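Colleague: Listed here are the chains, written in short residue letters.
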Amino acid sequence: MRLARLSAAAAALTSVGAIALAQDTRKEIEKYQRMISDASPVELFELEGEALWKKKQGPKNASLEQCDLGLGAGVLKGAYAHLPRYFGDADRVMDLEARLLHCMITLQGRTRDEATKRVFGNEDKLSEMEYLSAYVAGQSRGVKMAPGMAHPKEQAAFELGRKTFFYRAGAWDFSCASCHGEEGKRIRMQDLPLLFKPEYARPVVATWPAYRVSNSQFKTMQWRLNNCYQQMRYPEPNYASDLTVALTLFLTATGEGEPYRGPGTKR
Amino acid sequence: MNQSRRKVLQRAGTAGALAAAGVLRPQDLLAAGWNKDAFGAKTLADALKNIGAAGAGDTKDIVIEAPQIAENGAVVPVEVTSNLPDTKSIIVLVEKNPFPLVAKFDFLEGAAPFVKVNVKMGESSNVRVLAEAGGRYYSAVKEVKVTIGGCGG
Amino acid sequence: MADPMKIRAVLKGDTVDVRVLMNHPMETGQRKDGGGNLIPLHFIQEITVRLNGKTVIESQISQAVSRNPVFSFRVKGAKAGDKLQISWLDNKGDRNSTETVIG
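Residue numbers (the working numbering), protein chains in the order written: chain Y, 1 to 267; chain B, 1 to 153; chain H, 1 to 103.
Treat the hints with care, as some may be off.
Stated by the list, open to error - Straight line, CA to CA, 30 Å or less: simulated DSSO-like cross-link-like pairs of lysine-lysine:
#, chain 1, residue 1, chain 2, residue 2
1, B, Lys42, B, Lys96
2, Y, Lys27, B, Lys42
3, H, Lys83, B, Lys49
As the list claims (entries may be wrong) - A few chain H positions that, by computed beta-carbon distances, are all more than 12 Å from chain Y:
#, residue
4, Pro4
5, Leu21
6, Glu58
7, Gln60
8, Arg67
9, Val70
10, Lys83
11, Ser87
12, Gly103
Just so you know, the hints here were simulated from the structure itself, not pulled from any lab data. Just so you know, these numbers come straight off a predicted model, no measurement behind them. Note that the Cβ used here is the ideal one computed from N, Cα and C, for glycine as well.
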C-alpha cells in the first residue's frame, strides 16, 4: 500500500518536473519578449510615418490627412483597431494597407503601380507603407480590437478567411492550420499559436505590425501573410487582395476585444 | 571627457605631472576618446587588461537583469544596477563575442549607476559586467542562452 | 530628413527615468550585401547625456550594440523644466542630437 503511494507520488513528481522544465523555458522566453518590447525603436518609425501622413505627394499634391480609415476623414485614434472593415466608397472590405493604398490613389492621385513599387522595405529603410502602418497602428494603443462584423460583405469576408485558414493547397498541400492548427506544436524555440482560437489570436492581433529584431525590419500583416504563403510554397498573393484582407479579418475577429498594444517588437 | 579633465590636460604637461596632481589615474590617459585598444581586444582577458580592470573581484552588488534565453542574438536587452557606493562607471562585455567589450558608461555627478542597453550576442555566452567604484573594479556575470526562433520568416 | 531620435523622460521625485531611441545601422563590418560585398563598419562610438548643459553621462560603445539602439538611464537631481540633451558621434564623424524638456 505504502509502496504504491510512494511510486504514485514519484510518478506525479516526474510528470510535474517534465512540464515545469518546458514552463521555465517558456517563462524565460516571455521575459525576453517583454524586455525587447520595452526597449524598441518602433516609436521612431511612428514619427517617420507621421511625417509621411502629412507629406503632400502625387499629381494632386495632397497629404493623406483627409484619408478616412473608417472613423471619419482624418480620424486616427482607434481607426486601426476597427480594421478590417467595409468601406462604401470602394464597396469592399479593406485592411489598413488596402485602405492606405486607396487613399494614396484617390486623395493623392497616385497609381497603384507607383504606390506599391516598394511595399516591403529592409533594415536600412522601411517602405512608405511600413512607416505609415506603424504610425496609424500606434494611434490605436489601448483600443480594443473590433473589426467590422455587421455588414454582409464583412461577414462574407470572415467566412472566406475562415475557410482559407483551413484550405490546403500549394506545392506542399499546406494550409495555415498545418502549422497553426494543432496544440503543442513549435518551430525551433517558438510555440506555434492556434490562431483560430481566441486565446491564441488575441496577443497576436494586438502586436502587429511589428519590428523584427532578427533582421531589424518592420513588418506589416500583408508582409506576414505574403511570407507565410512563401513558406508554404504557394504563389505570391496580390498585395492587399480580397483574400489577404479576408484572412486578416478572420484573424482579427478571432482576437477581438483584446486591447491593442501598439506596434510590436518580436524576435 | 568632461570639461574639468580637459582643462587639466591643457594646463599640465607630462603624464607624471597629471598623475601627481591626483586628478587623473594612469589608465585615463589611454582613453582619450574612443578606446581602440580595449574595444579591439579579442579576448576577455585582453579587454579587461586594456580597461585596467584585470583582477576585479566578484560582487553581488552589481545586479544584472537579462533574459536567460534570448530568442535572437541580434538584440539582447541587458539592464545593470550597481549598488556599490561611489560607482563611477559600468562596463558591459559579452565574453564570447569576437570583440568582448561592448559598452562603457561613465556616470558623472548627477547620474545614477544604472543603464539598460541592447547588445548583440554571437552565441550563448556570459554577459560580464564590471563596475568601477571607490577606485576599484568589481565584477558580476550572467549567462544568456541565444537561440534562433521561428520558421526563418 | 535627419534621422529622428526620441527621448522619453519620466520624472519620479528628483530622478528622471530616461529612455532614448536612436536610428543607426550599427554595422559590424561582418555583414554582406546582396552582391556578396562586406558592408563597412558604421556605428555610434560616443554618447553624451547632458542635463541643463552639464554632462552627466558619457558613454563609449562598440558595433556590438544592437542596430537602432535603445538606452535607459537615470539622472538624479532633476526637476520639471530642466533640459535633457542626448547626442551621439559615430565612426564616420556623423552626429545627431535631441533635446527634451523634463515635464
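Colleague: If a hint holds in the structure, say so; if it does not, say that too.
Modeller: Checked hints:
At roughly 9 Å between alpha-carbon atoms, B:Lys42 and B:Lys96 fall within 30 Å of each other, so this suggested pair holds. About 34 Å separates the Cα atoms of Y:Lys27 and B:Lys42, which puts this hinted pair outside 30 Å; it is violated. In summary, the hint linking H:Lys83 to B:Lys49 is not supported, as the alpha carbons are separated by about 37 Å, beyond the 30 Å threshold. The Cβ of H:Pro4 sits about 5 Å from the closest Cβ of chain Y, inside the 12 Å cut-off, so the non-interface label is violated.
Distance check for H:Leu21 against chain Y: the nearest CB is about 5 Å away, which does not clear 12 Å, and the non-interface claim fails. For H:Glu58, the shortest C-beta to C-beta distance to chain Y comes to about 21 Å, beyond the 12 Å cut-off, and the non-interface label holds. Separation of H:Gln60 from chain Y is adequate, the least Cβ-Cβ distance of about 20 Å exceeding the 12 Å criterion. With 12 Å as the threshold on Cβ separation, the claim that H:Arg67 sits away from chain Y is violated: the shortest Cβ distance comes to roughly 5 Å.
Not every Cβ of chain Y is farther than 12 Å from the Cβ of H:Val70; the closest lies at roughly 4 Å, contradicting the non-interface assignment. The claim that H:Lys83 is not at the interface with chain Y holds, since no C-beta of that chain comes within 12 Å of its own (minimum 20 Å). At roughly 16 Å from the closest C-beta of chain Y, the C-beta of H:Ser87 stays outside 12 Å, upholding its exclusion from the interface. Annotated as non-interface, H:Gly103 keeps its C-beta farther than 12 Å from every C-beta of chain Y; the closest such distance is 17 Å.
The earlier numbered hints that this structure contradicts are 2, 3, 4, 5, 8, 9.
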